[in-house]
Structure formats: structure tokens, C-alpha cells
Amino acid sequence: MENKRIKISGFGGQGIILSAHIVGQAASIYDGKNASMTQAYGPEARGGACSSQVVISDTEVDYPLVDTSDVLLALSQEGYDKFVGSLRDGGILCYDNDLVGVLQDHSRFDARAIPATRIAEELGKKIVANIVMLGFATRQAGFASYDAMKRTVLERVPPKFRDLNETAFERGYNYGEEVQT
Amino acid sequence: MFKKSKLRGEFFMQGDIACAEGAVSAGCRFFGGYPITPASEIAERMAYRLPLLNGAFVQFEDEIASMASILGASWTGVKSMTASSGPGISLKAENIGLGMMMEVPCVIVNVQRGGPSTGLPTSWAQADMMQARWGSHGDYGCIALCPKNPQEMFDLTIVAFNYAERYRMPVFVMTDAIVGHMTEKVVVPPVDEIEIIDRRYTDKKPDDYLPYAVGDDLIPDFAKVGDGYRFHSTGLTHDERGYPDMTEHAQLTHAVRIVEKVKKHADDIILLEEKGVEGADVVVVAYGITARTVVPAIEMARKKGIKVGLMRLITAWPFPTKRIRKLAGEIAGFVVPEINLGQMVYEVERCAGGQCKVKSLPHPGGGIHKFETVLSAIEEIAHAK
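So the sequences go chain by chain: A and B. Each residue of the first sequence is one higher than the last, beginning at 4 in the numbering used here. Each residue of the second sequence is one higher than the last, beginning at 2 in the numbering used here.
For the record, the hints were derived by calculation from the structure and aren't laboratory data. The beta carbon of each residue, even a glycine, is placed where N, CA and C say it ideally should be. Careful, some of the hints might be misleading.
Claimed, not checked - Derived contacts from chain A toward chain B, CB cut-off under 10 Å, selection only:
no.	residue
1	40
2	41
3	66
4	88
Turn these sequences into a full structure, and let the hints steer you where they fit.
Below, the structure is given as C-alpha cells:
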């Protein structure tokens, strides 16, 4: 496998950093690969533009920053607008189509939509939208194994929200399954 | 996660957290600090960890007090640390000099961000390298370590504590906001596999003990607080008793010694990593995150047939003078990329002494060197041979 460069973008409070942490931990601790996660954020705690990035590789990651991404997960219009241009040709875009409404030309890459926030709201907690998206992206983009991702999600969330997050991950993954087939 | 008092195993861990865990593993039990981006996670982690280990965390009114506090804590026999970023290190500078003068073991972590002044709070640079060396007034020896990833944030923080105790002085961990905020796999070995150097106490009786008397290694022995030893220390130039002695003689012995003790042990302190340096025409000298980000350009240059090696400075200070001087006589030139406008390159130029070319690759911070920039610099030096 060559380097897989994943960019996750949205706004502060959506769990953008946690999402990258989950991807990196799943890949490096449970899938036995090398993963390097970095983040960018403004001074705001919530609401500001936020992005995180993970580079996954079979060998040591020399260059940990993501200038051009292979996979982009967009959870806000601003995050989409800012990073869609640096998604490589033939890359994979996963976006929340309720939050990202103004679309650019998608012919360069593979774009896949999921109403992640709406699904999360149906599950009772809007906050798990990032986990729905991670489930979806796990199926669509294959940067980490299903088992490693699910195990990490369950480890990283507070115990009393484990069931909710497990359901959120499954819903996203299955939605990905339906889109795929 | 990471809640056990003693960790062991593999973790997906942030650099700053790994630094705190390295400190804990090294035996650090006091942290005095004042929060600042991008070093706050170290303080946060220590605030959580130290009470579990019967240690103490204190957030002081400012950086000046926090630096003073770790000197005081260290005098009592407790391994101590503070962490900050450029603006905070500037404030600590006065008391760093006090630590150097009184020869107090402690560790100072600088998670470098863009400067000068408030600069780029959430972004990175490597622009405090000379501040670490010369930031406090007067002459003193300096030891500074440059981790390149979260694993080394753990490992080199332990080395920093070992050096601090061995050479009796404040030691710097010079990292940056990329490595500090980067998360990667960190392997925490079992406690008994970690080499720890503890404080050297005198074997003299209280009546025979002089706090600043030294033997061949130029490093004075400690006395244990509460064991009945007479003790005095000051920031003024002092004699072997630790009492002020503001004479040329005292300056020639004590003030010179705190420089000489680092020079004398430089070969034991210096840590270098060389890849493909033997037989190379071009040697890239880099440290910290830059030693990683230049690798793709080095690999491309090799594919193009250029003999290029990478020398990574794991310790920036003391500088590997002898090694660079020797290489300078054998190669076409050095390329020195760093995320500042040219700092360690001065040392490379000094050691090269005109024997070969030295090309500085500056970057002001907030970004990193472009692949093409590094590649064309390597090509330029190789073709100028």
C-alpha cells in the first residue's frame, strides 16, 4: 500500500479531531500499519473551522502533513469548500449532503454522499454524526479494517455512549454498503 | 485511556502527552508550569498524572515563577520539569540562567511555535534553537534534544532527565508544534527496561563536604536535604562552599567550569543519526520534524544518482563540531533546512570553516519546506562539485 492521506474537515465541536484519532489508532495499533495524525484549528473551542489529517502507510511516515488528500471527509460547507480542491484526481470524497449543499464539479474524483447528521439525529444524538461518517467512510474508502475501526470507536467513547456509537458506526457502514452495491 | 499509574504497551499517543509520560517514567514528580499553546497538553497531562504518583503539579502565576519553582523543587531531590513555548521561554530565561549557575538538574520543554513575540500560537517553527543556547545572559554550557516524533518525545524526555542529573544542569527538549501535536504509535517499555540515571550524592561526611567541589569530571556532588549537610547556593559567582566570591579567580574556576563540563563530556552527550553519509557528496543536516519532511526529496535525489546522506541532530547542543568538521573535508557541501531563517546553519558554517559549501534552507514557520526546494538545493550542491 502506498501512503493513504486522509483529510477530515468540519467545524469545532463535531469531533473532527477525535475522528482522525480513531482512524489513526485503528490503523496503527490494530491494523499494524504506521499512522501519523495531525490537526489544525483556530483559537475557538467550538464553531470555528477545524480539520484533521491522518497519513497511513506500511512504512514509516516521513511526511506527516496532508497537502493533497486521497480521501476527504467533509462535514461542513466551509470544510468542503476549503479542501475539495486539494483532493487528488481519482480520490474519494465522503460528504454530509445535508450540510454541504453547494457542490462543485465532482467529475475528477469519486463523490459519495450520506446524510450523516440526519441519521445521527434519528439515533437521538446529533453528536454521533462523525461516527456515522466514519462507518460510512470505512466501507467506502477502506483506509482501515472494519474490526479495527469498530474496536477503536468503542474504546474512544465514554462507556455509557458505547451502544449509541456502535449503532451509529453500523448505520454509517451499512449505508455505505447500500451505496456501494 | 492511559489511566494506569505506570504505563506499558502500545498507544496512539500525542507528542505532548508522550513527553509527559516520558517525564513520569524518568521519575519526574514535580511540574511547575503556566499554560501556553502548543505546550499546554504537557501541563494538562502532568496535572492529571502526578497526583496519582504522589507527585505535585502547580500552575503558577506566570512562567517566571514556574521556572523558579522547578529549581526549588529540584534542590529538595525531586526530579522536576516545566514546559512552555517561545514566549514563555523568554520569560523563563532569567531563571534558566540561575539554574545553570547553581547547577540544578531539571528539564525545560520548548514546544516551538512561530515567532517572534506572540507570533503563530497554533502553528510551528524551530526558531528558538539559538535562544536555547544563548537565551539567558552570560556564558554557560547547553544541552538540547530534538525529538522527531511522539516516540522520541517519550524517549528523549527520559534522556533529558538522565543528562540533567548526570551533568547537573537544566536540559532542554526542543520540539515544535507539529511533533508536539502529532499523534502516532508510542511504545512504552516495561519500567525495568528504561535506563534511568539518578542523582549522585556525596560520600563525604558533613564536615568534609563542599557543595561546589569537583573532581575530574567537573560535576559537583549533591548532599541530601535533611541529612545534616551545610549547604549554600547563589546566582552570584561562588566558591566551593557555594558562598559569593566575586573575584576573577572564582570566575575563572566556577564560571568557566559550567561551560567546560559540557565540552568535556560532549562525546558522551552528542546523539547523531546518519543515513547514507559515508561516501556522500551532499549531506543534509536536519533536526526534529525537518529531518522527516526532507526525506522524500533525499530519496528522489538518490534516484537521480546523487550521493546524498542525512545527518540528523538528535542533540542540537552541544553541537557535533568534530564530526561536521571532518565531513566538511570529504564532501561537496551541506544543505541545512530548518524552520527558522537560519540558526543551526551558523554552526555548520563555523565547523565547515570554508572547506565545503554550506547552503541554508530557511523557512519562517507555519509551513514546511517544499519538496522541490529541498531537491533543487541538493542538486545545486551536487552539481557544483
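Each hint, compared with the structure:
1. 40: Because about 4 Å separates residue 40 of chain A from the closest Cβ in chain B, which is inside the 10 Å limit, the hint holds.
2. 41: 5 Å, holds
3. 66: 6 Å, holds
4. 88: With a minimum Cβ separation of about 17 Å from chain B (threshold 10 Å), the hint on residue 88 of chain A is violated.
In summary, the one numbered hint that this structure violates is 4.
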